[in-house]
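Visitor: Protein chains in written order, with numbering that gives the first Met the number 0: chain A, 0 to 403; chain B, 0 to 228; chain C, 0 to 369.
Accuracy of the hints is not assured; some may be wrong.
Stated by the list, open to error - No farther apart than 25 Å at their CA atoms in a straight line, the calculated lysine to aspartate or glutamate pairs in the DMTMM-like style are these:
1. 31(C) x 197(B)
2. 235(C) x 145(B)
3. 191(B) x 41(C)
Think of the hints as simulated: they come from the structure by calculation, not from any bench.
These figures come from a predicted structure and were not determined experimentally.
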Amino acid sequence: MLQSAIEFLKANPLLLALIKILLVFVVIAGIVAYLVYMERKVLAFMQARLGPMRVGPWGLLQPVADGIKLLLKEDIIPAGADEYVFLLAPAISVAAAFTVFSAIPFAGNFYVTDINIGLLFVLAVSSLGIYGIILGGWSSNSHYPLLGALRSSAQLVSYEVAAGMALVGVLLISNSLSMVEIVRRQLAMGVWNVFLQPLALVIYVIAAVAETNRNPFDLPEAESELTAGFHTEYSGFRFALYFLAEYTNMVVVACIAITMFFGGWLRPFASVRALDVLKFSPILAFLAGAGFVLWLGLKSRLSLERYFFVLLAAVFIVLGILVAYPPVLDAIQGIFWFGAKVLAFLYAFIWCRATFPRYRYDQLMNVGWRWMIPLALGNVVVTAVIRYLVSSHGAAHPLAWLVR
Amino acid sequence: MTDEKQEPPKAAEGAGTPVEKPAPESGGATTPAKPIGAAPPKPPAAGATKPSVAVAKPPIKPEPWSSPLLDELLGRFPGAITEAVIFRKLPSLNLAKEHLVAICQFLKSPEGGAYTLLTDQTAVDYPQRAKRFDIIYHLYSFRRNDRLRLRVQVGEGETVPSVTSVWLTANWLEREVYDMFGVAYEGHPDLKRILMPDGWVGHPLRKDYDILKQDEAWVKTNLGIESAQ
Amino acid sequence: MPEATFLDASELLINMGPQHPATHGVLRVKLKLDGERVLGTECIIGYLHRGVEKIAENRTYQQFAPYVDRMDYCAAVTNGMGYVETVEKLLAVEIPPRAQYTRMILAELQRIASHLIWLGTHALDLGAMTPVFYTFREREEILKIFEKYCGARLTTHAFRIGGLQYDLYDGFEKEVVKFCDYFLPKVDEYEQLLTQNRIWINRTRNVGVLSGEDAIAYGVTGPMLRGSGVKWDIRKAQPYEAYDQVDFEVPIGEHGDTYDRYIVRMQEMRQSVRIIRQCVERLAPGPIFGKVGKVIKPPAGEVYHSIEAPKGELGYYLVSDGSVNPYRVRVRPPSLINLQALDKMAQGHLVADIVAIIGTIDIVLGEVDR
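So that you can see chain A by itself, here it is in the shape it has in the complex:
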């Protein structure tokens, strides 16, 4: 049965692609929704409080409640606003954010597509999201959202440049724009790009935080500032779409950073046979998850909630056991490591938000143009020089001894 299904899908590549797209879309949408929950929880725990607790056990149904609330809200369009553009703008943001996922490899054998100019595609499409912001601010027909939108977009554009430059360094090492190829190169070289391009990683991560309008770069949309953000006039589901777009962007930049610098779906020390034992990590992860759920959940007052959490922990343990079946273990290695790394990145984003004060707008632009971009350019130059000296052509160069 499975065989015939696979044959059928192989015969209809378009159908296969459609199924993959749907799967990615649904999973990512679910992840983004629960990313909001995770952010609220993690922020709360860092701030000595609990976060959402009421809706569902430990607030787990909070995203559902928020979604329903936003859907049921009155759809307000400001007077004098350009209606079509007003409706279109958040859609552009969301569409751009989700489209990027089509080129990102989640595992060695699972990606929607592998374009040979993957990186270029990803950068280009994520830049399209900026239109959503500008159009949203402009179509609101109000002068504070417009100013906020212009500021946001200026910030995003500046940091796009820095991010792109940083990634050029990675390109120079990997010899290819294809995302899958970049990861394969890291496997072949036996070392993740982060060790070869640390400066590029730092620049990219800072640019990524700025790209997604997160603290410490969230002045354009901070509540205590005078000019409100571009999404002031949006309410209800359209606001939800902007919100969704912002968090999806977070996941996008995390995925890109992982793929470029941290070996994508590769496990740590992927080429070291001795550490093959690490492939049992998914089992450990599920068991640890069960332990964590039990520890947190058993603190709950309601017995119903406690039963729920025991059940959840049991599910995790069952999954852990299922995963221990070798073919399954091998199959999920890629997606497991990719997911773990993305999760770590997202946690770091939230951690940043809890910790840092906010940059003032001119300081933000200062950092982008006077520090990030020159450093990124410098990185490119240095990388190129070193690459030349390391390669066979350059081995004869008098300065080659520098890189021996």
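Assemble chains B and C onto chain A, guided by the hints.
Guide: Same frame as chain A, now just chains B and C:
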């Protein structure tokens, strides 16, 4: 000994003019003042102190103040200072308003004691007097670690020269005096109400400020009915 | 700002309305901007004016004491301390040492609590959203001590004219010392989050600079004056209670910018802990009330007394006519006078700095408007 201060208690009226000496009440007379940190207070004798106690009681009314600074001021500005007293260790000078700014400038200067900090400026309303308002200035000198009070007495409708040219602090403080008492200042850069709303009628801290009358008038004009207050 | 200059077309007038998350109360600030640069500000206050000084004329001295708590509602204990000390000065009554040391302990605890609110809200305005939760958690401990002592957390009416109403409860000293031990490492934690943080430094260095001379000219007092380099603290210069018996330092800043004022206030919190510890050691059994009768009729006269409140010099000018009601009570509000310097400090800065500058002045509108 200061027994003569312990006359038989006069009946104390509430509404005497502020400069009248009140009678010490029986039961809980004010203790002899001693510097902080001295021996614990002796048990109070009802209505009288022991004649053998050789400590100065706190003065109940202001005493005349003399100091080199005062002499300097009297020398430079003859006729400007009408009274100089000290009470509870804070000297007060009564000034004539014409010399106010000049005296303040002198006091602020190093020769005059370097009273560079205008701590506070306020007013008190004594409606029984002809010059009903007492404009009070509290100054502080960092160099001498010393406070000084200046007082200018003005009547209704009179203006007082502004000292914003001497101390910038005076800006809002004078606005508040204007707002609360209705005393106008000449030479103030921006004299308008500060605490009350802009269109307010009346000056709240005056003793004859009748909020009820104002409320009745407002209700009558705006609501067209009689106030039920 | 004179009205005429608002007619210039290249300038923008923006209103930071009475309702704004960052103005710490009902403060209205009119900003005159040239693009992003602030050319001038105008504060409009009075939204919280309750006529406290007028009310005082119709209350007896003791009846008025709870009203003063409501002015600087973040630091009610020090408000009350200033008032009762002023009346005591007029009465020339001596307070027994036990009462003095207790007052000092509670006042310094209140100073810490007030600075904690300042720190939390200032950091929050600048985008650091975590310290506010930590500072309020520490403040909770102080408020618990206040509640155990006098029954109220915020508007405490802790002191009476002549001494204290309540003696210390069992375990007060132990709890206070426990709080001191618990609190000092927390200050280090806050410093760890903010003091060396590049972003914090960028937002606060050279923002809202007020030179020492300007500070004195504007009558600014308290941590703002000390941040500008003037080493003046009323607890040292004109000691009241038993402040001359305890050992503490007065931190000062150098440049008079927001960062220096931040450092000054953080150090003040540490010095307050030091004072509290010394006072706890010196607490000895004894009376808690001086020789003041039930009916307080001070001699006719006027007196001015001021204390070092957390926000600055809090002064009371009391005129008595010999009756049971004060003839005039004037409160010298540190927040109002410090706020006057906003115009000077804000000139030439960007709009986003206004929030930082208002935060660093540390105003409480209850005190500004009374």
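Visitor: Within 25 Å, alpha carbon to alpha carbon, are residue 191(B) and residue 41(C)?
Guide: 13 Å, holds
Visitor: Is the straight-line distance between the alpha-carbon of residue 235(C) and that of residue 145(B) 25 Å or less?
Guide: 13 Å, holds
Visitor: Measure nothing beyond the straight line between the CA atoms of residue 31(C) and residue 197(B); if it is 25 Å or shorter, mark the hint as holding.
Guide: Roughly 21 Å separates the two Cα atoms, so the pair holds.
In summary, the structure agrees with every hint in the numbered list given earlier.
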